[in-house]
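Engineer: Sequences are here, hints too, so could you generate the full structure?
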Amino acid sequence: MREPGAVKIERFEDLLRGFEPSFEFEPIGQVPESDYEDRIRRIRRDAVVAGHEVILINASMVGWYHTSNGYLRYVCDWPREGVLILPTDENIAPELLTIYSGAVLLPPAGEAVGIADIWQVGIVGREYTGRPGNTTDNVIAASVSVLKRMGLTRTQIGLIGDLQSTPIWSGLREALPSAKFVEDAGIIDRMQLVRSKAEQDQIRAASRLVSIGYEAACHVLRAGVTDYEVYAAFTYAQMTRGGETGDGYQLGVNEFGTHCGKPYGRTIRNGDILNLYVSNVCYHGYSSQTSRMMVVGDITAKQEEVLDMTVDAVRRAERVIRPGIPASALNNAAFEAYVERGYLDSVETGRMPFNWSAQDDGTPRRIPYQHVPDPDWEAQGRTLMHVYPATPGPHNPNLGHQIDMMGFLEYNITSLNTEILKPGMIFVLHAQWLEPQVAGSNIGDLYLVTEDGYENLSHHTPLEPYRVGA
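So in my numbering, the last one in the sequence shown is 517, and the numbering has no gaps at all.
These are calculated hints, taken from the structure and not from any lab test. Please note that a few of the clues may not be correct.
No more than 30 angstroms apart at the CA atoms, straight line, and that leaves these computed lysine-lysine pairs for DSBU-like [as the list claims (entries may be wrong)]:
1) 244 <-> 469
2) 349 <-> 309
3) 227 <-> 195
Only a predicted model underlies this, so the values are computations on that prediction, with no experimental measurement involved.
Structural biologist: Pasting the structure below:
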């Protein structure tokens, strides 16, 4: 569907004709193997202090060839499921049990760094392979076999995984009743607070991919194109330069600036506001995040006010970033911009409204049932019959969060976070305000704390909204 007078595109590929980013992307090498050796050394040391004789590290495959956590990728650059058996005795080499899902995913990329013995457990099950058995039982049996060979079945075993690991951990507890099992993912989680120089380089490169992708999205944006085309331009520009995936970000489009989701075939019109929320662009396993707003033609004074407020909030927090101050100072500085404009009455996280909140008593909130006109959606035979988001406020009652590999627990930039900023910490600051069917903005940059202040890793593109005429 196209509005009268909208630009007609004969071929989607023509949209990027003539696109040149404002800077050249220079690929960088992988994280050096010496970094992985250091990680193993540090994990072993913390495990010894905790009383573990061996650490088991598990990740599972989930939808679309992703793992349920980043532990194996971080420890040995392995990109798929597995159980890494890591004795604390440096004289016993670690071993990896893996390839027990149907994921067709083989190195390179992702050869397991520093692991000589990799065991293919395989898949069983009559429906899938015509062979009897249970794959999880085989993973458990293989783990027990390796532990017996290492002489580590009657000792304290540290477990690092997630909820997907529960069946394996439960089976091991039953198979090895003389062992003491202790869940201790904190050993690796604590290592994510400060990034090494090599890791900083990876995240900086990922950030440059985000910026080039955003410039490509701006290049194609005009009335008459679809959200599919804007999303595809971003994806093409970042993936042709080394981005790992094309599904880690959202593009929302409506006349309010409150939408954030996946493209669905909306034709861009005068008065539309787009949110390109880049939750994750990956480079060599490391992710970057930022958020940008894009405006087509004329919008309301209220919408302009919300855009200005969120830009102001990020700028206020940015001026505070330096080593030695608490993370809460960034949150408080940013949300003062909301308080001064009357959008909030407090910068405190616990008192702040947000889009995904339950009712005040903790019970579920009914999402308003109301027809919301959307001709492009209705042209597909569907009708939008609820108002999203259900409540006004930022997405979440915080200013941002830690950025690293996907799949780790993250600290948040809140009024409650008294963690002192240190050189090497990396976090996104994204100021948000969504007022249903009125106005919305979600805008932010990625920052690295340096010895004398900060580096804005998103600096290649302006924080302020990108604007095109109707």
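Engineer: Hints numbered earlier in the text: which of these fail when held up against the supplied structure?
Structural biologist: none
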